Amino acid sequence: MPPDLASLGLMAGAAFVAATLLPAQSEAVFVGLLAAKSVDPTVLFIVASLANTAGSVVNWWLGRLIAKGGIERLPARLRPDPARFARAQGWFARFGWPSLLFAWLPIGGDPLTFVAGSLNYPLARFILLVFIGKAARYALLWAGWAAAA
2 MPPDLASLGL MAGAAFVAAT LLPAQSEAVF VGLLAAKSVD PTVLFIVASL
52 ANTAGSVVNW WLGRLIAKGG IERLPARLRP DPARFARAQG WFARFGWPSL
102 LFAWLPIGGD PLTFVAGSLN YPLARFILLV FIGKAARYAL LWAGWAAAA
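Remember, this note's numbering sits 1 above the position in the sequence shown when you count from 1.
In case anyone wonders, no lab produced these hints; they're calculated from the structure. Possibly wrong hints are sitting among the right ones.
Claimed, not checked - With a Cα cut of at most 25 Å, we get these calculated SDA-like pairs of lysine to any residue: (1) Lys-38 <-> Ala-25; (2) Lys-69 <-> Arg-88; (3) Lys-69 <-> Lys-38; (4) Lys-69 <-> Arg-85; (5) Lys-38 <-> Ala-84; (6) Lys-38 <-> Leu-11; (7) Lys-38 <-> Ala-149; (8) Lys-69 <-> Val-58; (9) Lys-69 <-> Trp-98; (10) Lys-38 <-> Leu-6; (11) Lys-38 <-> Ser-8; (12) Lys-69 <-> Ala-125; (13) Lys-69 <-> Thr-21; (14) Lys-69 <-> Ala-84; (15) Lys-38 <-> Gly-14; (16) Lys-69 <-> Gly-91; (17) Lys-69 <-> Arg-80; (18) Lys-69 <-> Ala-94; (19) Lys-38 <-> Val-58; (20) Lys-38 <-> Ala-147; (21) Lys-38 <-> Pro-123; (22) Lys-38 <-> Ala-13; (23) Lys-38 <-> Ala-125; (24) Lys-69 <-> Pro-123.
Given the structure is predicted, the values throughout are model-derived calculations rather than measurements.
Build out the structure end to end from the sequences listed, making use of the hints.
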């Protein structure tokens with residue numbers, strides 16, 4: 002099946018934005034494109050996982066900015082919610098690197114990626130752990146869709 006670049010672009014955009022603090026979700030786009038059968042599911046899975054991880058890398062980088070100059074340095078639109086950020090700091094302090102496997106969670110996942118950057122967690126390890134967690138989530142969605150189809 003030839004790749005539908007528009008569908009892959011939609012998936013990449015939705016997955017990337019969903020990993021930032023902007024309000025968005027990519028799961029419905031992923032399952033909808035699986036159902037439309039316009040894209041090879043393996044390619045869709047790879048694009049979704051990579052783009053979602055890339056959005057988290059942006060959060061990590063913004064966390065580095067926080068560490069260098071404080072949260073006030075970030076534009077107001079990019080500042081994490083203080084309560085969610087504090088929760089994520091506590092979670093990361095308590096559970097350490099394994100918590101990055103849960104960066105896909107809708108409530109604390111995004112602030113957790115900021116925390117990792119603000120604590121200067123090594124980027125290569127960050128990418129690996131976040132990718133594993135996000136890919137596992139898309140794999141479960143894919144498996145659930147396949148079982149229901």
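Here's how the hints hold up against the structure:
For the proposed pair Lys-38 and Ala-25, the alpha carbon gap of about 23 Å is at most 25 Å, so the pair holds. For the proposed pair Lys-69 and Arg-88, the alpha carbon gap of about 21 Å is at most 25 Å, so the pair holds. A C-alpha spacing of about 46 Å is found between Lys-69 and Lys-38, which places the hinted pair above 25 Å, so the restraint is violated. Annotation: proposed proximity of Lys-69 to Arg-85 holds, straight-line Cα distance about 20 Å (limit 25 Å).
With a C-alpha separation of about 41 Å, the suggested pairing of Lys-38 with Ala-84 is violated against the 25 Å cut-off. For a cut-off of 25 Å, the pair hint linking Lys-38 to Leu-11 stands: about 14 Å separates their Cα positions. Of the supplied pair hints, the one linking Lys-38 and Ala-149 holds, its CA atoms being roughly 14 Å apart against a limit of 25 Å. Restraint check for Lys-69 and Val-58: satisfied, since their Cα atoms lie roughly 17 Å apart, inside the 25 Å limit.
Distance check on the hinted pair: Lys-69 and Trp-98 sit about 21 Å apart at the alpha-carbon level, within 25 Å; holds. Distance check on the hinted pair: Lys-38 and Leu-6 sit about 13 Å apart at the alpha-carbon level, within 25 Å; holds. Between Lys-38 and Ser-8 the alpha-carbon distance is near 10 Å, which keeps this suggested pair within the 25 Å criterion. Taking the CA atoms of Lys-69 and Ala-125, the gap is near 20 Å; set against the 25 Å cutoff, the hint holds.
Between Lys-69 and Thr-21 the alpha-carbon distance is near 20 Å, which keeps this suggested pair within the 25 Å criterion. Of the pairs offered as hints, the one joining Lys-69 and Ala-84 holds, with about 21 Å between alpha carbons and a cut-off of 25 Å not exceeded. Note on Lys-38 and Gly-14: the hinted pairing holds, with a Cα-Cα distance of about 19 Å set against a maximum of 25 Å. A hinted pair counts as satisfied when its Cα atoms are at most 25 Å apart, and Lys-69 with Gly-91 qualifies at roughly 20 Å.
Simply put, Lys-69 and Arg-80 have alpha-carbon atoms about 14 Å apart, close enough for the 25 Å limit, and the pair holds. The suggested pairing of Lys-69 with Ala-94 holds, with an alpha-carbon distance near 19 Å, which does not exceed 25 Å. Straight-line distance between C-alpha atoms of Lys-38 and Val-58 comes to about 29 Å, which puts the hinted pair past the 25 Å bound. Pair hint Lys-38 plus Ala-147 holds up; C-alpha atoms about 12 Å apart against a cutoff of 25 Å.
For the proposed pair Lys-38 and Pro-123, the alpha carbon gap of about 38 Å is over 25 Å, so the pair is violated. For the hint linking Lys-38 to Ala-13, the alpha-carbon distance of about 16 Å falls within 25 Å, and the restraint holds. Distance hint between Lys-38 and Ala-125 is unfulfilled; the C-alpha atoms sit about 34 Å from each other, more than 25 Å. Between Lys-69 and Pro-123 the alpha-carbon distance is near 16 Å, which keeps this suggested pair within the 25 Å criterion.
When held up to the earlier numbered hints, the structure conflicts with 3, 5, 19, 21, 23 and fits the remainder.
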